[in-house]
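*Asks:* Please arrange chain H on chain D, whose structure you already have, making use of the hints.
As a plain string of letters, each chain reads:
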Amino acid sequence: MKGINFIGLKDAGDPVELARRYDGEGADELVFLDITASSDDRDTMVEVVARTADEVFIPLTVGGGVRSADDARRLLRAGADKVSINSAALARPALISEIAETFGTQCVVVAIDARWVAEVGRWEVFTHGGRRPTEINALDWAVEAERWGAGEILLTSMDRDGTADGYDLALLRDVHEATNIPLVASGGVGNLDHLVEGARAGADALLAASIFHFGTYTIAEAKAKLTTSGITIRPIDA
Amino acid sequence: MIAVLDYGIGNLRSAEKALVHLGAEVRVVTSPAEARGATGVVLPGVGSFGACVDALRASRLDQVALAAIDQKVPFLGICVGYQMLFDESTESPGARGLSVLPGEVRRIAGEVRLPQMQWNIVTPRPTVSRMWASPLPVWMYFVHTYVPSIEGNTGGIVVGSCEYGETLSVAVERDRLWGVQFHPEKSGREGLALLDRFVAFAGESATPLERR
Numbered sequence: 001m002k003g004i005n006f007i008g009l010k011d012a013g014d015p016v017e018l019a020r021r022y023d024g025e026g027a028d029e030l031v032f033l034d035i036t037a038s039s040d041d042r043d044t045m046v047e048v049v050a051r052t053a054d055e056v057f058i059p060l061t062v063g064g065g066v067r068s069a070d071d072a073r074r075l076l077r078a079g080a081d082k083v084s085i086n087s088a089a090l091a092r093p094a095l096i097s098e099i100a101e102t103f104g105t106q107c108v109v110v111a112i113d114a115r116w117v118a119e120v121g122r123w124e125v126f127t128h129g130g131r132r133p134t135e136i137n138a139l140d141w142a143v144e145a146e147r148w149g150a151g152e153i154l155l156t157s158m159d160r161d162g163t164a165d166g167y168d169l170a171l172l173r174d175v176h177e178a179t180n181i182p183l184v185a186s187g188g189v190g191n192l193d194h195l196v197e198g199a200r201a202g203a204d205a206l207l208a209a210s211i212f213h214f215g216t217y218t219i220a221e222a223k224a225k226l227t228t229s230g231i232t233i234r235p236i237d238a
Numbered sequence: 001m002i003a004v005l006d007y008g009i010g011n012l013r014s015a016e017k018a019l020v021h022l023g024a025e026v027r028v029v030t031s032p033a034e035a036r037g038a039t040g041v042v043l044p045g046v047g048s049f050g051a052c053v054d055a056l057r058a059s060r061l062d063q064v065a066l067a068a069i070d071q072k073v074p075f076l077g078i079c080v081g082y083q084m085l086f087d088e089s090t091e092s093p094g095a096r097g098l099s100v101l102p103g104e105v106r107r108i109a110g111e112v113r114l115p116q117m118q119w120n121i122v123t124p125r126p127t128v129s130r131m132w133a134s135p136l137p138v139w140m141y142f143v144h145t146y147v148p149s150i151e152g153n154t155g156g157i158v159v160g161s162c163e164y165g166e167t168l169s170v171a172v173e174r175d176r177l178w179g180v181q182f183h184p185e186k187s188g189r190e191g192l193a194l195l196d197r198f199v200a201f202a203g204e205s206a207t208p209l210e211r212r
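Chains as they are written, first to last, in the numbering used here: chain D, 1 to 238; chain H, 1 to 212.
In isolation and in its complexed conformation, chain D is listed as follows (with noise of 0.2 Å):
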């Protein structure tokens, strides 16, 4: 049986709070991402972290300005269980290994921001919020971040994210094709129906902020949705 685990938080004002709100509704996962404004803020982090350990008993990954493994070991022994990395992991993709090795492949994220190139074709790799082009394609780097033991990808569509067309489709089926560990869908869920087709294209856990921060869907009617769509999820009342 395949479970689709719900993810609910991103950028987000008070983060202990809304994970304690997020958790109390039913939310399976929840994912910090880029809470501080910057890399200054790391003492920031680990604090909002540790608090949120204290009271949410879910897992929690925790993403934005770790570069060094030494970075990852004080999220982890902070509480957080997932550690995600993106830029720095396309600087050195050795901080992967080096990560997975110490703390398990597990606690490896490898977030990708990925946008259509029409000029080539292709999807490849933005950084800094889809504003600077890499020239990485997108594929081959979710392969190669498997390859150097990223435990999950958490896979963003800079096309999509903000719009609420839904999830870039093509790029969630391509990316589930290439790879073979967990695949988290984020970027332009707007409505119920968006979270059924990003399960059905081959996530394996659905990242929705906005729906929720902005109150336009509760999780338990998302979950609400999904089951009486056929796909398998743990129950609100569970």
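These aren't lab readings, by the way, just hints derived from the structure by calculation. Heads up, some of the hints might be wrong.
Partial list, derived from the structure: chain H residues whose beta carbon lies under 10 Å from chain D [as the list claims (entries may be wrong)]: (1) Ile-9; (2) Lys-17; (3) Val-46; (4) Ile-121; (5) His-144; (6) Glu-185; (7) Gly-188; (8) Arg-189.
We treat Cβ as the ideally placed atom computed from N, Cα and C, and that holds for glycine.
*Replies:* This is chain H only, laid out in the frame that chain D set:
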């Protein structure tokens, strides 16, 4: 007092935090002396089997685990802490487990993505065990690639199973020894409820851990 064995590997804080959240008196111990008087012992574990057993022996906390099990002090092994109760693992050939339970740990078979990193349904054994509040299935969070293969389910110790590529033995109970492949400390309300039953069980323990 519940002793959480800290042998220097991985994130042990989650188990500690969950137990504290439940109101248990918890001590994270790094040496056998600190575990004296424990009425319950928790052995967490993440990472590879070989690295965990090596670190456990180096810390001499393997002696605490063995003494607790021998003296029937309530004991809970989680994830690799569960796997280490067996003889060996194909993950780390040559590394010896604690051999408290019969069997070996091996890679999950079947056409499934590994690790199993997701919530999955655990089905309790139909006959009563202390681990479960009811015989109803519960969702628990898993992160693992290997799983114990229990020889003939000796003495009917398997009290929970889940389906992932094959039927996995994910919870065992023998006397006052519990082992679970999933992470109760990361499984929300159901996971906390299981830990709460362990805490209550430990509270009933009349004989705290003696040093040998």
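*Asks:* Evaluate each hint against the coordinates.
*Replies:* Consistency of the hints with the structure:
1. For the restraint placing Ile-9(H) at the interface with chain D, the shortest Cβ-Cβ distance is roughly 9 Å, inside the 10 Å limit, so the hint holds.
2. The restraint placing Lys-17(H) at the interface with chain D holds, with a minimum CB-CB distance near 6 Å, inside the 10 Å limit.
3. Hint on Val-46(H) holds. Least Cβ distance to chain D is approximately 6 Å, under the 10 Å limit.
4. At a threshold of 10 Å, the smallest CB-CB gap from Ile-121(H) to chain D is about 7 Å, leaving the interface hint in force.
5. A cut of 10 Å between beta carbons decides the hint on His-144(H): the least distance to chain D is about 8 Å, and the hint holds.
6. Interface restraint check: Glu-185(H) against chain D, minimum CB-CB distance 6 Å, threshold 10 Å, status holds.
7. Interface hint status for Gly-188(H): upheld, as the beta-carbon distance to the closest one in chain D is roughly 5 Å, under 10 Å.
8. Restraint check, Arg-189(H) versus chain D: the minimum CB separation of about 7 Å is within 10 Å; hint holds.
The earlier numbered hints are all upheld by this structure, with none contradicted.
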